Amino acid sequence: MSEQDRAGAMPLGRRAVLTAAGAGGLVLASRRRALAAGADTLKVGFISPRSGALAGFGETDGYVLEVARKALAKGLNVGGKTYTVQLIDRDTQSDPARAGQLARSLINDEGVDMMLSTSTPEVVNPVSDACEAAGVPSLSTVMPWEAWYFGRGAKPGQPSPFRWTYLFSFGTKQFADAYLSQWSLLPTNKRVGVMYPNDADGNAIRAHLKPLLEKGGFTVFDPGPYEDGTTDYSAQIAFFKKNHCQIFNTFPIPPDFATFWRQAAQQGYARTVKIAQIAKTGLFPSQVTALGSLGDNLATAVYWHPDWPYKSLLAGISGRELSDGYEHATGRQWTQQLGASLSLFDVGFAALRASSNPKDKAAVAKALSTLDTPSMVGPVNFTKGPVGNVYATPIIGSQWVKAKAGSKFRLDCVITENATDRNVPVTAKLRPYS
Amino acid sequence: MIFLNQLVQGVFLGAYYALVACSLSFLFGVMRIVNLAHGSLVVLAAFVLFELADRAGLSPWLSLIVAIPAMAVVGWLLQRLVLDRSLRGGMLVPLLSTFGLAIVLDNLLFQRFGADTRSLAPYIGDLSFDSWSLTDDITVGRLDVLILAVAIVVLGGLQTFLSRTRLGRTIRATAEDPSVVGLIGIDARAVYALATAIAMAMATVAGAFLAMRTTFDPYSGGAQLIFAFETVVIGGFGSLWGTLAGGIVLGIAQNIGAFISPRFFLIAGHLVFLGVLVARVWLSGLNLRRLRVRAA
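Residue numbers (my numbering), protein chains in the order written: chain G, 1 to 434; chain E, 1001 to 1296.
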């Protein structure tokens, strides 16, 4: 047994014991190992929102980390050398300031070799900023890329100002393509009522998505921005009724949509809607289940689905294997974040492997810039743009329908179009909302 | 006609605000405590009701019969363990301790129930979205009518209880001067504990309608507190009919704002709140000592 192998084997045995002993023990183990860590140990930080308002996104991360740790238990082989891998996960508690703090502490105290982060600008932007400032390679996913790229100071038409930070995620164009394709599936009067809030997402969507929808041949009726936390929507509902909007599109926070949609049903608007296309809310099954019968046949769009035809590069499992494993282990229904979080590990470790020296931060960043790799969400290729440091991943139109008899869960999410990735199989016909 | 519908919906919205604010208003009237954990306690009640409906299969209305006494006990404990001790530290300590309690409660709920969004709406059939159409533009939701009726009964009932019954008079006397009532053999701590229990029973009713009207998760409490607080301030601290009026003024103001432009919904409410607050201070000089339970 070589020196490296023994160094690798011992802490892993201890880890297995401590994982069983609970997360607290794991943190202690990480600390202790940090002291012993040397040139043969790779440290990778993973930052996501596990509690607080964004906790829906982080809910599956515990399971994904387990899958990733299992896949990395034997270490990572790069250029004939095996590195012990230590994944250090942190919870932002949905607080952007804390996200930045956690990133700095992982960089300065733990000395991570690479940073991974996921889910919403409130997590990804502060983490990316900390990594760019400290010169640590950073990879992220699941937030509109425009808000990451332009939101952090890049200028349109100029080369990317970022050297250390990379993102693969969807953008406005993917939403527009998916919506235009989805809305052509049913005969409608092509009048779209939109309700975009006065927040970062809502304003970006109003500025960039709305013109694309109009160019695509739809008439958009926008009553104007509203504030998150609004508790009565009678004014908007009257406006949509007056303009006979058979298609409805919105990007609200979940409680606002529940209030709106209940009122829309009450005041007779919902039953005139043919396609109710919701985003930002309705990402996760519990948000739709909570609407009761009003949630059936809501159209949505996913950034991952177990029916996508891709495998995890790191764990070697298919989408169905991942979602079934999660449902079996937790008794809960799969969410699209499962595949997205696992793809982050796929792409991150592909970059570490491609760098030939994963301890050399500049080499890893360089490897990221030309990386072309398969992953759970499909191929990711940073040479293809749309802008430097960014790869745009697909958004696929889908619909929440009543699950087949015998299912453990009330609702099922089916794929209804595939404009942004033709490899994804369409599994159902879009049904009219009413 | 659309404007008229805005006003009608504003009244219903206001009744909902008043129901949520009721316990906050009562607790302030009796103990002069601004209970910053109010929103989280309402959400706690919503979780209790949801568990009873989801696990035990009880109808939400039956669940209320179980949950109200249970939450009253929570209220009694809350007074004995937290409020009573912090009251001894002066005006500011209860503010801090209830703020801390809100954070602890939110995170305990998250530990226990996770991040899932929940609602009682699926458990009450079509009631959550059924309505009567009066004209093409004016529709009245059945749940909204029920909320208005319950708000009148709860707030009116409590007001009557305070002004007409012996126990109610005892509570008012204690609110007036806790040390003097001690001289005639009334235990102020027991009265406070009773008042907190009543307040939590009302918070349970509020939690039920929150859960039927929209969705909630462990971190929904903060948003409930803001409107409840504005309602209480607009209606006048400690006055229960005032709370109902305050809620309706707030609801109508928000809906008129939204009629002008949807973005003015919240700001219109905040402006009315600020206007009333400034007017009160300017007219009378904000004298906290005089803010007690007022009986009709």
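Please keep in mind that the hints were generated in silico from the structure rather than gathered at the bench. In this text, all values refer to a predicted model and were calculated from it rather than measured experimentally. Treat each hint with caution, since some may be false.
The calculated lysine to any residue pairs, modelled on SDA-like cross-linking and capped at a C-alpha distance of 20 Å, are [unchecked claim]:
| no. | chain 1 | residue 1 | chain 2 | residue 2 |
| --- | --- | --- | --- | --- |
| 1 | G | 242 | E | 1007 |
| 2 | G | 241 | E | 1097 |
| 3 | G | 242 | E | 1122 |
| 4 | G | 242 | E | 1134 |
| 5 | G | 242 | E | 1133 |
| 6 | G | 241 | E | 1131 |
| 7 | G | 408 | E | 1057 |
| 8 | G | 241 | E | 1259 |
| 9 | G | 402 | E | 1122 |
| 10 | G | 242 | E | 1057 |
| 11 | G | 241 | E | 1122 |
| 12 | G | 241 | E | 1135 |
| 13 | G | 190 | G | 150 |
| 14 | G | 242 | E | 1032 |
Hints versus structure:
1. 242/G x 1007/E: 18 Å, holds
2. 241/G x 1097/E: Answer violated: residue 241/G to residue 1097/E is near 48 Å, above 20 Å.
3. 242/G x 1122/E: Violated, because 29 Å separates the two Cα atoms, which is more than 20 Å.
4. 242/G x 1134/E: 17 Å, holds
5. 242/G x 1133/E: Between residue 242/G and residue 1133/E the Cα gap is close to 16 Å, so the pair holds against 20 Å.
6. 241/G x 1131/E: The given pair, whose Cα atoms are some 16 Å apart, holds under the 20 Å limit.
7. 408/G x 1057/E: Cα-Cα ~17 Å, so holds.
8. 241/G x 1259/E: 15 Å, holds
9. 402/G x 1122/E: 14 Å, holds
10. 242/G x 1057/E: Between residue 242/G and residue 1057/E the Cα gap is close to 41 Å, so the pair fails against 20 Å, i.e. violated.
11. 241/G x 1122/E: 25 Å, violated
12. 241/G x 1135/E: 14 Å, holds
13. 190/G x 150/G: 32 Å, violated
14. 242/G x 1032/E: 48 Å, violated
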